[in-house]
Structure formats: C-alpha cells, structure tokens
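Enquirer: Here's the letter readout for the chains.
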Amino acid sequence: MTDIPLLSLAIWVPILGGLLVLATGADRNAPLARMLALAVAVAGFVVTLPLYTGFDTTTSAMQFVEMTSWVPRFNINYHLGVDGISVLFVILNAFITITVVLAGWKVIEDRVAQYMAAFLIMSGLMNGIFSALDGVLFYVFFEASLIPMYLIIGVWGGPNRVYAAIKFFLYTLLGSLLMLVVLLYLFMQSGGSFSILDWHQLPLPIEPQILIFLAFLVAFGVKVPMWPVHTWLPDAHVEAPTGGSVVLAAIALKLGAYGFLRFSLPIVPDAAHELAWLVIMLSLIAVVYIGFVALVQADMKKLVAYSSISHMGFVTLGFFIFNPLGVEGAIVQMISHGFVSAAMFLCIGVLYDRVHSRQIADYGGVVHTMPKFAAFFMLFAMANSGLPATSGFVGEFMVVLGAVQYNFWIGFIAATTLILGAAYSLWMYKRVVFGKVANKHVAELEDINAREFAFLGILALCVLAMGLYPYPFTEVMHASVNELLRHVAVSKL
Amino acid sequence: MNFVVPDFYPAAAEIFVAVMALVIMLASTFARSIARSLSYYATQFTLIAAAFVTIFTMEGEPVYTFSNLFIRDLMGDFLKLMIYFSTAIALLYGRAYLADRKIDKPEYYLLALLMTLGMMVMVTANHMLPMYIGLEMMSLALYTMVAFDRDSARSTEAAMKYFVLGALASGLLLYGMSMVYGATGSLEFSAIAQAIYNEAANRTVLMFGLVFLVAGISFKLGVVPFHMWVPDVYQGAPTAVTLMIATAPKLAAFAMAVRLLIWALFDIAEEWQTMLMLVAVASIVLGNLAAIAQQNIKRMLAYSGISHMGFMLLGLLAGVVDGDRHFALNAYSSAMFYAVSYVIMSLASFGMLILLSRAGFEAENIDDFKGLSRRSPWFALMMLFVMFSMAGIPFFIGFFAKLSVLQAVVAAGYFWLAVVAVLMSVAGAFYYLRVVKVMYFDEPVDASPIHAPAEVRVMLSANGIAIAALGLAPQMLMSLCAYALLGSL
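Heads up: the protein sequence lines correspond to chains B and C, in order. Be aware that the first sequence starts at 1, since it is given in the UniProt record's numbering, and climbs by one per residue. Be aware that the second sequence starts at 1, since it is given in the UniProt record's numbering, and climbs by one per residue.
Possibly wrong hints are sitting among the right ones.
Just some of the chain C residues that point at chain B, by a computed CB distance under 10 angstroms [to be verified]:
(1) Ala-418
(2) Val-422
(3) Leu-423
Listing some non-contacts, in silico: residues in chain C with all C-beta distances to chain B over 10 angstroms [stated by the list, open to error]:
(4) Pro-6
(5) Asp-7
(6) Ala-12
(7) Glu-61
(8) Tyr-143
(9) Glu-188
(10) Gln-273
(11) Arg-358
(12) Ile-393
(13) Ile-450
(14) His-451
(15) Arg-457
These are computed hints drawn from the structure, not numbers from a lab. Heads up, the beta-carbon is just placed ideally off N, CA and C, and yes, glycines get one too.
Build out the structure end to end from the sequences listed, making use of the hints.
Expert: This is the structure we're talking about:
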C-alpha cells in the first residue's frame with residue numbers, strides 16, 4: 001500500500017477544485033471555468049485509479065484506511081476506508097463527473113462557474129459517503145450532498161423546479177434525520193464509538209434491532225428510492241438539468257442501496273432476516289408496478305426515472321435474498337445502472353438541447369436525421385432492457401438466479417422485469433427514433449458532435465465491456481460480499 | 001458592627017465597564033460635536049478592553065466576593081467574553097444602519113454598554129438579588145433601545161409591548177424568588193441548594209416558586225408559552241436593535257437558567273425538567289410551524305429563534321435521569337454550545353438584513369432577498385451558510401449544535417423527544433430552504449447594488465466563514481464550553 005492518502009484526495013480534490021472554479025466568478029470567465037472544471041474532474045478521476053490498481057482482492061478488510069481524530073469530544077473520527085463493495089462506486093462517481101462536466105459544456109450558459117462547482121463539490125461529497133467509516137462522518141457527507149443537488153435542481157432546472165428541489169430536499173432530510181437518532185443510539189450502546197466497524201460487532205436485542213432497521217429503511221429507502229417513497233424522484237429527474245439527472249440516477253440513488261449494505265445488513269442482521277419479507281415485497285412492487293408505470297409515461301425523462309426505480313427494486317431484492325449471487329448481482333446491477341441510466345439521460349439531454357422537448361410525442365423518425373445518435377441510443381435502450389452482452393444483463397441475470405435459489409416464485413416475478421424493461425425501453429425507442437420524420441424540428445436536427453460522441457462513446461464501451469467480461473468488477477467485490485454474508489448469517493442476539 | 005472591605009479584584013471587569021459607561025456619558029455631554037463617533041469608539045474600546053480585563057483576571061477556581069453575592073467562575077467568564085464579542089459585532093453591524101435613520105445618538109451606545117453591564121451582573125450573580133438587578137438593568141436598556149426610533153409608531157408599539165410583558169415577567173420572577181425564599185430561608189444559591197438537600201424546605205411553596213421562576217426564565221429566553229412578545233418586538237424594533245435582542249441576552253438568559261435551576265434547585269431537577277420538557281416541545285413545534293407562515297423575515301427569524309431556544313432547553317432537561325447525575329456535564333455543555341452557536345448564527349442572519357437595508361429602505365421581507373445570488377454572489381453564499389446552518393445541515397456549526405444536544409437527549413433515554421425534535425427540524429428546513437430559494441432560484445426585483453460600509457462587509461464575511469469553519473472544526477468551541485461548565489458545577 002502507498003502512503004498517499006488516496007481517499008482524501010478523491011474527496012478533497014473535487015471539493016477544493018470546485019471552490020477554485022467558483023472563484024472564477026462571473027459568466028465572462030465561463031470558458032476558463034469550463035476548462036478548469038474539466039481539469040479538476042479528470043484529476044479527480046485520475047486519483048481514484050490507484051484505488052483499483054492497488055486494491056487487494058484477496059481480503060475483505062478495509063483498505064486505504066485513514067484515521068485522524070476529528071471531534072474528540074464525541075469520539076468522532078475522520079476515518080476513511082474502502083472495501084470491495086464501495087471501491088467501485090468511488091471510481092464510478094469520479095468517472096461520471098467527467099461526463100457531467102462535458103454534458104453541461106455548451107448547454108449551461110448561466111452561472112457556469114457555480115454549475116460546475118456544484119457538481120464537483122457534489123462529487124467529492126459522494127466519494128466521502130462511500131468511503132466514510134465513521135457514522136457521523138458518513139452522515140455529514142450524506143446530508144451535505146443535499147445542498148449542491150438542491151441548488152442544481154433549483155437554479156438550472158425546468159419550469160417546476162422549485163417544487164421538485166424542495167420536495168427532493170425534505171424527503172431525503174426526513175429519512176436521514178431519523179438515521180441520525182439511530183446513530184446516536186448506537187453511539188450510546190457501543191459505549192461511545194461512532195465507528196461503523198465497531199457497530200458491526202455490537203450485539204443488540206431484537207426489539208431495538210427492529211426499530212433501527214425500520215429507521216434505516218426509511219432513511220435509505222427514500223434515497224434508493226423504494227416504493228412507496230419514490231415520488232420525489234420523477235419530479236426531481238424531470239426538472240433537473242441533464243447533468244443533475246445523470247448524477248442523481250448514476251450515483252445518488254446508489255447511496256441508499258449502499259447504506260443497506262454498510263448499515264442495515266451488518267448492524268442489525270437479525271432484524272434484516274426478520275423483515276426481509278417486507279423489503280422483498282416492496283422491491284417486487286417496485287419492479288412490477290413501477291415497470292407498468294414506466295410503460296405509460298409520455299415524458300422520456302419520467303420514463304427513465306421510473307425505469308430507475310424499477311431497476312433499483314431489483315437491487316434491494318438482491319440484497320435481501322442473502323446469497324452471494326443475489327448480492328453480487330445487485331452490486332453489478334448498481335454499477336451497470338450507473339452507466340446505463342447516465343447514458344439514457346445524456347441521450348435525452350442531447351435531444352432536449354436541440355428540440356427543447358422531452359415529450360415522446362414530439363419526436364419520431366430521429367434516425368433519419370441523427371443516425372449516429374440513433375445507434376448509441378439503441379445500444380443504451382437495449383442495455384436498459386437487459387439485453388445479453390450489455391451490462392444490464394449481467395446483474396439482472398445474477399439476481400434472478402439468486403432469487404430462484406431463494407424462492408422460485410420470487411424469482412419468477414422478478415424475471416418479469418426483463419419483459420417489462422424491454423417493453424418500455426424499446427417502445428419508447430421505437431416511437432422516438434423510428435417511423436417518419438414527425439415534424440420540422442426533427443427534420444432540422446443535427447447529428448451529435450465530437451464532444452457528445454466522446455462521452456456517449458466512452459459510456460458505450462463501458463456498457464459493452466461490462467456486459468461481455470464482468471469479471472474485473474465481480475473479482476473486486478467477491479471477498480467483501482462473502483464476508484458480509486457470513487457476518488449477516490451470524491445472529492447478534 | 002464590623003465592616004469588611006470586600007475584594008474588588010474579581011469584579012474588575014464589571015467595575016471597569018460601569019466606570020467607562022459613566023465616563024462616556026459625561027464625555028459625550030461635553031464634547032457634543034464629536035459625541036457620536038466618540039461614544040461609538042469608546043464603547044467598542046470598552047468592550048474589547050473588558051475582554052482583556054476578564055481574561056487577565058481569570059482564575060481557575062470559583063471566587064466569591066461581596067458577601068457571596070458575586071461569583072467569579074469559568075462559566076461566567078466564558079459567557080461574558082461571548083457577550084462582549086456579540087455586542088461589539090452587533091454595534092458594528094448596526095452603526096451605519098442607525099446613522100442612515102438619524103438615530104445614532106450617543107445614548108444608544110451608552111445604553112448598549114449598560115445592557116452589557118446588566119448581563120455581566122446576571123451571569124456572575126450568586127444570589128437572587130443581583131440576578132434580578134442585572135436582569136432589570138439589561139431589560140430597561142433594551143426597552144429604551146427598542147423605542148429608540150421614537151417617530152416610528154411601530155417601534156413605539158413594540159417597545160410598549162415589550163415593556164409591559166417584560167414587567168409582568170419580572171413580577172413573576174420576583175414572586176417566584178420570594179416563594180423560594182419563603183421555602184428555604186435564603187436568597188443565596190448555594191444556601192438554597194443546601195436547604196433543599198437537607199430537606200429543610202417546604203416542598204409545596206418551593207414548587208410554586210419554581211413554576212414562577214421557570215416562567216420568568218422562559219420569558220427571557222422567549223419560549224412557548226411566554227413567546228408572544230418575540231415576533232412583535234423583533235419586527236417592530238429597528239433591525240440593529242433586533243440584532244441586540246436576538247443575540248447576547250440569550251446567553252445571559254442561559255446563564256440565569258443555569259444559576260437558578262442547576263445551582264440553586266438541582267435537587268428538584270426532576271420537577272423542572274418536566275416543565276422544561278413541555279416548554280421545549282411546545283417551542284420547537286410552534287416555532288417551526290409558525291415560521292413557515294411568515295412573509296416578514298424578521299418574524300420568521302423570531303419564530304425560528306423560539307424553536308432554537310426550545311432546542312437548547314432540550315439540552316438542559318437531559319441532565320438528570322432517575323436521580324442519576326452523570327449525564328449532567330455532557331447535557332449542560334451541549335446546551336451551552338447550542339446557545340453560543342445560535343448567537344453566532346443569529347448575528348449573521350440579522351447582519352444580512354442590515355446589509356441589505358439602506359437609507360429609506362428596510363429589508364425585512366423574504367422577497368427582499370430575491371435574486372441575491374445575482375446581485376451579490378458572495379453574500380448570497382454567506383446567507384446560504386447561515387440558513388443551512390440554522391437548519392442543522394452539515395458542514396456548518398448548526399449541525400454540531402443539534403448533534404450534541406440530540407446526543408444528550410438520546411443518552412438520557414428520551415427517544416421520543418429526539419424524534420419529535422428531528423421531525424420538527426424537517427418542518428424547519430422548509431422555511432430556511434425558502435430563503436435559499438428566493439436568493440438563488442428567483443430573479444432580483446431590486447437590482448440596486450449592495451450598499452454597506454466596508455467594515456460591515458468584512459465582519460459579515462468573517463461571520464459567515466466562521467459558521468462554516470466552526471462546522472469543520474467544532475472541537476475547540478465544544479471543549480471550551482465543557483471546560484467552562486466543568487469549573488462551575
């Protein structure tokens with residue numbers, strides 16, 4: 001291992017860089033702000049690469065650990081570390097940030113520096129969430145990341161942005177404040193420790209476990225989002241600018257799922273087993289019901305938003321069937337969804353930038369004017385519906401296999417997503433891309449430029465690579481997932 | 001009859017401020033032409049010099065003097081330093097505001113100094129009598145300051161309301177003190193505690209007295225059900241005076257609560273904790289819900305202040321559980337940290353109102369913040385810090401204030417209280433978010449540039465940055481609070 005504090009760099013390079021971008025100030029310096037933001041985003045990505053190359057796949061222990069006392073009065077530590085579960089998200093997050101900066105390059109002309117800075121700071125804060133091993137540190141990053149997202153939706157969003165921004169903020173805040181009470185309870189029970197790893201070993205009776213589990217379920221369920229607390233997501237997605245939707249779908253939704261893996265399962269395993277039926281039920285409702293909801297959407301962004309909820313239902317399902325296939329499949333699904341949903345929103349963004357409409361009805365025959373774009377969009381729509389050889393397939397297939405092992409009918413219901421996913425993704429694709437040229441806006445469309453080609457191309461490569469050869473991803477998480485499942489199987493009563 | 005010359009040394013700061021107040025009064029009478037700036041600078045000098053006097057005469061152990069009427073201890077010193085500090089900043093923010101409205105009379109600064117002296121007496125009282133004298137000295141100065149814009153009907157009305165209700169509260173407090181005296185035979189805090197400990201006190205009378213004391217303290221803190229004056233006075237007073245009322249006096253009232261409830265009446269903590277619980281929950285609920293409906297930002301901040309003081313009381317009521325006292329230090333220092341954090345945030349929030357006001361224009365509606373991020377991105381960012389800090393979002397000091405109080409509440413086993421508090425914090429977040437919304441999401445209606453003197457800009461920036469910096473490194477202030485209380489318990 002190196003002595004360079006890689007995780008601190010992954011967190012603070014984007015944050016401090018974001019502040020630097022902010023300092024460029026007014027819009028007359030916009031070109032400088034853009035270049036600087038891209039440089040910071042790339043630097044932020046480069047510092048996360050050694051996390052992968054230097055990662056020891058044979059151990060489930062925390063790696064790249066940093067530990068400094070932060071607030072000794074409450075024994076709060078600046079304690080960072082990643083294991084096989086979290087390391088991929090740090091890298092994914094840093095990667096997505098680059099595409100977000102590129103996606104906002106031309107479109108955002110108002111308060112450019114603030115826009116770029118908000119995304120960079122957000123990216124740093126989310127790296128903090130994935131690598132925090134101290135309860136309060138986790139919470140601090142978790143809450144603080146609401147501020148930039150609130151501003152992103154509210155300042156650069158669509159017509160109904162104020163409603164969406166406030167709804168987003170309050171929903172998430174409600175969940176996370178309940179979590180704060182739980183963190184304080186665990187602090188007290190563990191005799192004054194906020195270390196998440198200590199809490200993993202803390203024995204707890206079943207009643208508090210159930211209450212803690214429910215509080216975590218609210219906190220992380222809102223963030224995932226699970227049915228029935230998902231209603232903020234379509235609003236937030238529709239109103240957010242493209243970059244905001246990308247970050248929300250690709251990274252922010254993963255925070256909730258990650259919370260289940262880091263908090264709910266290992267801290268209260270007995271309650272997790274006890275209440276697994278509840279989570280499985282909610283997940284299946286999300287998969288099937290939200291899948292149908294997605295089918296009838298007239299707004300492309302809303303459609304992808306509902307499809308995200310449906311896919312995330314798959315993820316939570318994978319966690320709570322407690323077998324390695326399910327959990328690994330769910331994590332693969334999370335990463336794959338990070339690429340695919342980011343790409344879907346970027347594609348919609350490409351169309352929106354040209355036509356300024358997200359209604360499916362306003363399009364038709366795009367393939368005639370934008371052939372290159374149509375090819376990319378095809379690939380991502382296929383990946384979204386879980387076509388083999390794309391990344392979408394791997395995770396879904398693993399979770400379905402795991403679910404069948406657990407209970408045939410659960411697996412059966414979950415598998416309907418393959419049909420529903422194909423139905424809503426491809427039907428939307430058909431209406432938007434094929435057919436006759438619908439109107440003069442579509443007739444005037446220009447195909448994607450080099451910048452758009454670059455970010456869509458990179459994402460396409462990722463989607464294909466992960467679909468064809470997922471081993472580099474599963475290899476990293478294998479030891480940690482096995483250790484997690486072994487830990488969850490042991491009662492803490 | 002033998003007369004002992006008391007030890008004046010521990011009271012050096014109080015004596016210094018009192019003497020300076022008289023000097024400034026005389027000097028501004030004789031030097032009329034420069035009276036305004038003379039009294040302003042002399043007052044600022046006095047506050048700074050008083051801080052030095054307090055620091056240099058500080059002693060680790062509590063020292064009693066004036067026949068035990070007066071106590072010098074670390075908690076008092078710490079609070080006094082915070083009081084000088086916040087009064088000095090409040091005066092600095094308010095000076096140009098007052099000058100624009102032609103009410104920057106020398107007497108204003110003199111009254112501010114007398115108010116400070118009153119608060120100093122309050123935090124160092126070891127006896128009901130100086131406690132009451134200090135309280136009245138502070139209050140009378142504040143009543144006058146509220147009415148300082150004498151041509152404004154609204155200010156006069158606010159002052160009248162404040163005065164009548166304040167006098168009533170003083171009456172309640174005095175009545176409570178007399179009952180405690182009747183029950184225990186003493187007005188000195190340690191003697192009262194001793195009498196209760198020996199079970200020499202009449203419980204019934206004592207309980208009656210306690211109710212009145214809690215009522216008096218609640219009035220000064222401005223918590224439900226004694227909060228009615230808060231929104232009206234905050235709104236009616238000139239903003240510079242609102243700034244005064246909303247900051248340092250909260251610290252003095254905190255000191256009063258600690259001295260009366262914890263020092264004198266600690267052995268009946270279970271009783272007053274129950275009362276405070278009702279008061280705190282009612283304040284948090286009412287303050288947060290009522291603030292949502294406000295269009296006037298001074299009223300909104302007033303209701304938010306009510307809820308913050310309720311939150312601070314949560315810390316005070318978590319000290320003793322089933323007779324077990326080992327939570328006490330943790331809980332009380334959390335409450336003190338909360339009070340100090342609130343004062344820092346409150347200074348910045350009203351400072352922002354002063355910044356946006358100018359001659360002939362009062363910034364007092366939430367809509368006056370519209371589009372601030374276009375008019376002045378820097379100060380919009382500072383206001384964003386203040387609002388998120390008040391909402392308890394990290395990385396700002398308000399988060400750690402909430403965390404430490406909630407931690408004390410959870411440690412005391414009051415989970416339902418913690419849950420109520422956090423649910424209401426979500427309601428509270430709504431109105432803070434609304435201010436951020438108008439600053440960032442709306443277009444400006446008033447495009448005129450920010451007009452404020454350089455010193456206000458610099459100080460306000462420092463204040464905003466302090467809110468963020470203390471949120472990143474809260475340890476020092478937290479341990480100062482704990483250390484100061486440790487020496488006093």
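Enquirer: Against this structure, judge whether each hint is valid.
Expert: Going down the list of hints, with the structure as the test:
no.	hint	result
1	Ala-418	5 angstroms, holds
2	Val-422	4 angstroms, holds
3	Leu-423	8 angstroms, holds
4	Pro-6	38 angstroms, holds
5	Asp-7	35 angstroms, holds
6	Ala-12	31 angstroms, holds
7	Glu-61	23 angstroms, holds
8	Tyr-143	39 angstroms, holds
9	Glu-188	33 angstroms, holds
10	Gln-273	19 angstroms, holds
11	Arg-358	23 angstroms, holds
12	Ile-393	5 angstroms, violated
13	Ile-450	16 angstroms, holds
14	His-451	20 angstroms, holds
15	Arg-457	17 angstroms, holds
In summary, the structure is inconsistent with hint 12 from the numbered list given earlier, while agreeing with all the others.
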